[in-house]
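A.B. asks: Here's the letter readout for the chains.
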Amino acid sequence: MTERLVSHLRYAALAVPEFETERDFFVNFWGLTEVNAEPGLSYLAAEGSSEPFILRLREDDKRIDLVGFAVANRADVHALADKLHAEDVQFVHEPQELTGFSGGYGFRVFDGDGRVLEFSTGYETREARKIREREPIPAKLSHVVFNSANLEQSAQWYIDHLDFSISDSLTRPDGASMMHFMRCNATHHSVAIAMGPHHSLHHLSFEMRGIEEWMRGSGKILRSGARMIWGPGRHNAGDNTFAYFLSPAGNTIEYTTELSVVDEETWEPHRLNIKDVSNQDQWGTAQEMSELIARESFNDIDKGLFVAPPV
Amino acid sequence: MSRIHFAADSGGYELGRALQARAEAAGHEVLWHGAEQLDPGDDYPRFAIAVGVAVVKDQDAGVDAFGVLVLDEGAAGVVAANKVNGARAVSAASPRAAANTREVVDANVLVLEGIAFEENAWLTISAFVTASLPHVVDLGRRILQIEEYENSGTIEGWAVQLEPEQVAVKRE
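Residue numbers (the working numbering), protein chains in the order written: chain A, 1 to 311; chain B, 1 to 172.
Isolated chain A, as found in the complex (with noise of 0.2 angstroms):
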């Protein structure tokens, strides 16, 4: 089995114009709470994690400011390190004490394609409380999916540098490839690369308690204006429910739950073909993914690509 340096996903940062009507719709409907504020700078976690932070918002031109991971502890963090500059990878920052809200050590690199990751350990966590039955807010991030111009670059960077795998697959009709779901440990996926005509967020998932947690919280997002653009729905590649919305800054969000967990010893991926319908959808209910979902999550073209954020 592949030994891994990155132990899981933390959280995502995200830059936005409208900073105080994201960060509201989050706290106020999304269900995050704001553990940390700064000007134009929001902290938000999830109760049922114990991560500091899921979601970190900032006010500036709309972009992914980074994608944290954790790693065990300084003597992995320095391995990874050193694999990377091996690898000629590109620094943002050397390992050294982390001085943002939550601390910490780590360093941070760009991707293939210029998207911020940081890798840090030791870092000051968050006391997680079980989520009460009905509550409908979510426990965790799930996963980050990225559209990607450049699809098997961008997935092969991830399994060349991090030794991340591919779980599955999703594929045109003519056998390309569409999608790649992407673990970093035994979670089906904690990333995921989308094709799309350019670098950007497809979407962030949250993972729910339940399946009533996640039918109850997708109804307060209705209820809040929210548009749902795709679901409800349950897909066969990692078995989860989905519900996606709109966030106010034209983010894709998720409400997610019962992402699988598979077993890395034995586990063979699938490429599973987008024209038969029940490759995205279980159900057969949430519509086939058309030219307007896939539109829907294509966003706005990433600013941020080969610019460290301030912060």
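Treat each hint with caution, since some may be false.
[Said to hold, decoys possible] Covered stretches of chain B, as calculated for chain A (at least 3 residues, CB under 8 angstroms):
#1 35-49
#2 123-137
#3 141-147
If you are wondering where the hints come from, they were derived from the structure by calculation, not from laboratory data.
Glycine included, each C-beta is placed from N, C-alpha and C at the ideal position.
Based on the hints, put chain B in the right spot on chain A.
C.D. replies: Same frame as chain A, but now just chain B:
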């Protein structure tokens, strides 16, 4: 123990107050939304709406809450309460029927009639507030279809106005 929002019109006032006392004695947090006293000939819609609004507001805020209406005409109360966005009001004449409404449609407002037998009415409320939606995705999906229609007027899985060039392309 759950929070229960109670209301009753004149036809259900006496039973409603008796059930309120039983719910409080059982340890539930009870909020009474009227009538404040017996007022013969009063109108049920404002009670039904008040309870529906309070339940949905609590549930969206993560409070485990239910509604109970005790009315002269139960069917009329079901119609009125279901005008509240997010309310799923039902009538049930037995504990088993009440539990079933929780299990199939995550009902959140129970409507009883004032002529109901108090002991049976109490057991019906008890079943209602202790049953839960089974961990079955089909049930949740169907409820979300109702809620999508309630909020967007569609039942298609999205709530987007289609531009002509955005109409789904079906590939052969």
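A.B. asks: Next, verify each hint and record whether it holds.
C.D. replies: Quick rundown of the hints versus the structure:
{"no.": "1", "hint": "35-49", "in the structure": "violated (count 0)"}
{"no.": "2", "hint": "123-137", "in the structure": "holds (count 5)"}
{"no.": "3", "hint": "141-147", "in the structure": "holds (count 5)"}
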